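Colleague: Mapping of the sequence shown onto this note's numbering: residues 5 to 435, in sequence order.
Honestly, the hints are just simulated from the structure, not real lab data.
For clarity, every value in this text was computed on a predicted model and none was experimentally measured.
The beta carbon of each residue, even a glycine, is placed where N, CA and C say it ideally should be.
A couple of the hints might just be wrong.
FRET-style restraints, in silico, Cβ to Cβ [stated by the list, open to error]: (1) 378 with 335: 36 to 42 Å; (2) 256 with 364: 56 to 62 Å; (3) 139 with 93: 19 to 25 Å; (4) 62 with 93: 28 to 34 Å; (5) 164 with 100: 21 to 27 Å; (6) 266 with 371: 49 to 55 Å; (7) 270 with 202: 20 to 26 Å; (8) 30 with 228: 51 to 57 Å; (9) 175 with 302: 32 to 38 Å.
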Amino acid sequence: MASASGANTPPMSWEGIDHALNRVRGEADRIALDLADLDGHVGHRMLRGADLVGRTRRRWEHASEHVHSLWAVYDAFRRVVDRIQELRVSGGGGHEDQALLTSLLNDASVPLPAREVPLRERGLLHAGGESTTLAAAVARMSADYEEATEVISAVETAWDALHPRLAELDAMWHEICTFSDLVGLGEDEHESLRADLDAVGATVRRDPLSLVEDGHVDASSLERLRLRLERVRGELRDALRMRDSYDESVERLRSAIDDVGEVLARARRLREQVVAKISSPPAVGVPDHVPALRTGVADMDALRSRGRWRELGARFGSLQRAVHEASDDAREREADLTGLLERRAELRGRLDAYRARAVRLGVAGDGRLVGLHRVAHWALWTAPCDLRAATAALSSYRRALQEIGGTGAPVNRTTPDAGASDGESEGGVSR
5 MASASGANTP PMSWEGIDHA LNRVRGEADR IALDLADLDG HVGHRMLRGA DLVGRTRRRW
65 EHASEHVHSL WAVYDAFRRV VDRIQELRVS GGGGHEDQAL LTSLLNDASV PLPAREVPLR
125 ERGLLHAGGE STTLAAAVAR MSADYEEATE VISAVETAWD ALHPRLAELD AMWHEICTFS
185 DLVGLGEDEH ESLRADLDAV GATVRRDPLS LVEDGHVDAS SLERLRLRLE RVRGELRDAL
245 RMRDSYDESV ERLRSAIDDV GEVLARARRL REQVVAKISS PPAVGVPDHV PALRTGVADM
305 DALRSRGRWR ELGARFGSLQ RAVHEASDDA REREADLTGL LERRAELRGR LDAYRARAVR
365 LGVAGDGRLV GLHRVAHWAL WTAPCDLRAA TAALSSYRRA LQEIGGTGAP VNRTTPDAGA
425 SDGESEGGVS R
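Sequences are here, hints too, so could you generate the full structure?
Modeller: This is the structure:
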């Protein structure tokens, strides 16, 4: 970026020289502060001391070249500014001093080290010693600073997102090691898990930018590992619980299984009633999960006798989940069966309400209504009854009552949403 000699450049006024000198001194001071901040920046210090690999190493090597260039150009820039300041203070104020200061301020007065001259700007016989102007040096330093800080900021952002997650994984691993010792597991019990944690930790510490795509930190590998560690830690906690309070834990589990059995027994009795009273929709089945759950408890007793605490803890956790699922399933089936009986009672109540309405309107003896009432009544009081057919018959009776009664409006508004329920539920459970 060499510039022509300033021999033919008209000298600046002394006022202009002082103004330009104050400007470059201010730029020198500002850049010095930026360099001090950069040098003391935590991310910068961490990068300088890290054993980087991969994408992060390539990016940091590129950024380091800009940091080196920044310092080298700044040193040369500062020397020129200091020289201008000295000349202005000690000079005699003559025309020659005025011309020299003008040249230093405007022409290529900042010598660039040979490696700071871009290859495309070097001549065939380049031997170093090229210079640039103060303004161009400032522009070069600003560009170097932006290149360096962009990389430092990207790495720092990645570390800020990844290090807390990695610390959480390390803490979980230490818990796993402690629990493993307490239940007497060997050091190699979780070797693959430890190896994966070491690999993830090395990536976070040495190549964090490999986990950044399109400006976003991808922590999915850490999350997958966290789930694995969490599962193993939970199993070991269960193992400790089994070792220290097996009888109490199993007693609670047996009690929960007994509760499931009670719900299933109620549901089976309820199903017998539904099957006897309702043919459609069909009653849901009530499978019995209790024997399999009790077998699981017996298997736990066998594991305890052999001191297999880790396996026992895992079995306890899975059996607990199975009991909860069986309980939820049994209660849902009980609710479905109860809903069918409630639906039949609801339809019967509506038919009675419609019949009472017909009596008040003086049309109960109408031949068409009598026939439709008989069909609906037979559908609802026959055992087992078809709720879908009964719903359709009730809807027919309601519509005929509206037509014959002459009101033109839905009847029996004392029953919430009678029309919609009759016509839309098709005899199913309304919830």
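Colleague: Hint by hint, note whether the structure agrees.
Modeller: Going through the hints against the structure:
1. Taking the beta carbon of each, residue 378 and residue 335 are about 39 Å apart, inside 36 to 42 Å as hinted.
2. For residue 256 and residue 364, the Cβ-Cβ distance of about 59 Å falls inside the hinted range of 56 to 62 Å, so the restraint holds.
3. At roughly 23 Å, the beta carbons of residue 139 and residue 93 sit within the given window of 19 to 25 Å.
4. Evaluation of the 28 to 34 Å hint for residue 62 and residue 93 yields a failure: the beta carbon distance comes to about 47 Å.
5. Residue 164 and residue 100 have their C-beta atoms about 57 Å apart, which leaves the hinted 21 to 27 Å range violated.
6. Between residue 266 and residue 371, the C-beta spacing of about 53 Å keeps the proposed range 49 to 55 Å intact.
7. Between residue 270 and residue 202 the beta carbon distance is about 54 Å. The supplied range of 20 to 26 Å is therefore violated.
8. About 53 Å separates the C-beta atoms of residue 30 and residue 228, a value consistent with the hinted range of 51 to 57 Å.
9. Take residue 175 and residue 302: their Cβ atoms lie about 37 Å apart, and the range 32 to 38 Å holds.
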